[in-house]
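K.L.:
What follows is the residue order along each chain.
2 protein chains.
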Amino acid sequence: MDEVKVLSPATVSNVVCGFDCLGFALEGPRDEMTVRKIDEPLVRIINRDDYGLPDDPAKNVAGVALRALIGTAQIDFGFEVEITKHIKPGSGIGSSSASSCGAVVAANRLLNDRFSKIELVDFAMEGEKLASGAKHADNVAPCIFGGFTLVRSVEPLDIVTLDFPPLFATVIHPQIEIKTSEARAILPQMVPLKDAVRNWSNLGSFVAALAKGDHELLSRSMDDMIVEPARKSLIPKFDEVKAASLAAGALGGGISGSGPSIFMLSKTHDAAEMVETAMHDLYSKTGIEFNIYLSKICPEGVRFI
Amino acid sequence: MDEVKVLSPATVSNVVCGFDCLGFALEGPRDEMTVRKIDEPLVRIINRDDYGLPDDPAKNVAGVALRALIGTAQIDFGFEVEITKHIKPGSGIGSSSASSCGAVVAANRLLNDRFSKIELVDFAMEGEKLASGAKHADNVAPCIFGGFTLVRSVEPLDIVTLDFPPLFATVIHPQIEIKTSEARAILPQMVPLKDAVRNWSNLGSFVAALAKGDHELLSRSMDDMIVEPARKSLIPKFDEVKAASLAAGALGGGISGSGPSIFMLSKTHDAAEMVETAMHDLYSKTGIEFNIYLSKICPEGVRFI
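Those protein sequences? They're chains A and B, same order as listed.
With positions in the first sequence counted from 1, the corresponding number in this note's numbering is that position plus 1359.
With positions in the second sequence counted from 1, the corresponding number in this note's numbering is that position plus 1359.
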């Protein structure tokens, strides 16, 4: 086998009370990627879309992730990667993560699955480091493992896959840019202990609710005292979108990643459609362009085709 | 039925990364309590032990909890409560909570279980308010529901019972006094966001580990960056007890309640016994008197006899 094609999914991280640890994978959108063995011991990137991402493997997230894998695998050949992105860069639904993960999962198949999923997460995090300046696994973990994942620790890397009931996400992506540096600078360095306690009580309950399939508890647990209040000012109409989504039947939701996307979880596909309509009606009046995605939470991460 | 006897268990709260929300019930020690209907519309307390606890129902935790229940029930009779405590007051394993919970659970049986468990937690919290100055459910929730409980919110009261695998606790109670006010004053008001994130990642993982019955993950998740570092200086030989317990095979543990008791969780009864031996050997050299309790985590809270 000299060529592998994969579909690599969008992911939502910083799930409400699970800032910096909790994420999930969407069924779609997914990037299309083809990875081929090449004789030269290097990485070649071919971008098949119009996003103007770098072809230089040292500046491309898929490139640096593959280089990390190659460095560990100690192989004398290389990989060519053809990427057709459907997840817009900067959307806050794990676009860079999808590229990094798709590349290493596909390359690993060409190495007869030599590496474990956790090792692949480690390689893919090199892409995140290039994209955001920090090694974090919030998006790459669900992108590779699928479903809901909790990053218990980055060093050492410890990823917990969570059981969960059927759930649907509606994600609105307003076409505005939020700089990662700005989203980070707006966060408090110190937080009141009592707010931290409320956050961890909610996250513990959220995990229990997923395990029990208790949608009402899930809904009550989706409350964030710390990050959402700080960051929501960066997203036009955040409060209104949230209120309209809850009124339309969403269980809860918040900022996806560091924004600008907003996600809402629903118990059924029908409810997620009602949320989509509510989001659409509200954002149509803003003059800001936007996309809306409706997807089930997908137990499967990067998929082979 | 005019008389009910119950055994009300010791409980561990502030379980490592679950400060102010996570607790569990022990099989023992348990207080013995008998509650009787009396014609007079009042509460009468009879203490059958040597702890010198107040007989005045307004100053006794069982008394105020029963008064809260009576106030809501709007009944024209009262209750007499006979209490034989086996859980030493001030031990940090929920002594006041055992008294309050035993009283209201027994009285509720005499009212044909008119109130739900969550309502009983609310009444029992009045006892906690008397004992510590704050309405909190960390001990009363596991005392009434049994097993592991997570208090998601106090107002409104929202309690989550957690699935869990067989587990054993070894608890050492050094016979020293820690004032609740001192244990509270030593806590930081503000905490670094990055430490809070580590705590909630660990609590989320702890809950997932309980649900999965994954003892290794449970062990890795028992890490507290925030409360233990602040409070451990109040407990002689805390670090040494923890290190010796882990070396003896404990999964992890920490301060029980606000101390001075230290608890350790183990996968098997044999391991919990090894931990008991290690604690005993270590504390025997301190000159401080102590008790050690070994108990399974009990799925049952207050028990009728």
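Simulated from the structure, these hints should not be mistaken for laboratory data.
Hints should not be assumed to be uniformly reliable.
One copy or any two copies: either way a pair holds, since identical chains are not told apart in the list.
[Said to hold, decoys possible] In silico DSBU-like cross-links for lysine-lysine, where the CA-CA straight-line distance does not exceed 30 Å:
1) Lys1553 <-> Lys1476
2) Lys1571 <-> Lys1596
3) Lys1571 <-> Lys1538
4) Lys1644 <-> Lys1364
5) Lys1553 <-> Lys1418
6) Lys1644 <-> Lys1418
7) Lys1476 <-> Lys1591
8) Lys1364 <-> Lys1596
9) Lys1538 <-> Lys1626
10) Lys1571 <-> Lys1626
K.L.:
The structure should be examined with respect to each hint, and the outcome stated for every one.
P.N.:
Hints, verified against the model:
1. Lys1553 <-> Lys1476: Classified as between; 26 Å across copies, 36 Å inside a copy.
2. Lys1571 <-> Lys1596: neither (33 Å within a copy, 39 Å between copies)
3. Lys1571 <-> Lys1538: Answer is neither; intra-copy 37 Å and inter-copy 39 Å both fail.
4. Lys1644 <-> Lys1364: Result: close neither inside a copy nor across copies, 40 Å intra and 66 Å inter.
5. Lys1553 <-> Lys1418: between (42 Å within a copy, 29 Å between copies)
6. Lys1644 <-> Lys1418: Answer is neither: 38 Å inside a copy and 61 Å across each miss the 30 Å cutoff.
7. Lys1476 <-> Lys1591: Result: close neither inside a copy nor across copies, 34 Å intra and 38 Å inter.
8. Lys1364 <-> Lys1596: neither (39 Å within a copy, 58 Å between copies)
9. Lys1538 <-> Lys1626: neither (32 Å within a copy, 47 Å between copies)
10. Lys1571 <-> Lys1626: The answer is both: 14 Å in one copy and 23 Å across copies each meet 30 Å.
Against the hints set out earlier in the document, violations occur for numbers 2, 3, 4, 6, 7, 8, 9.
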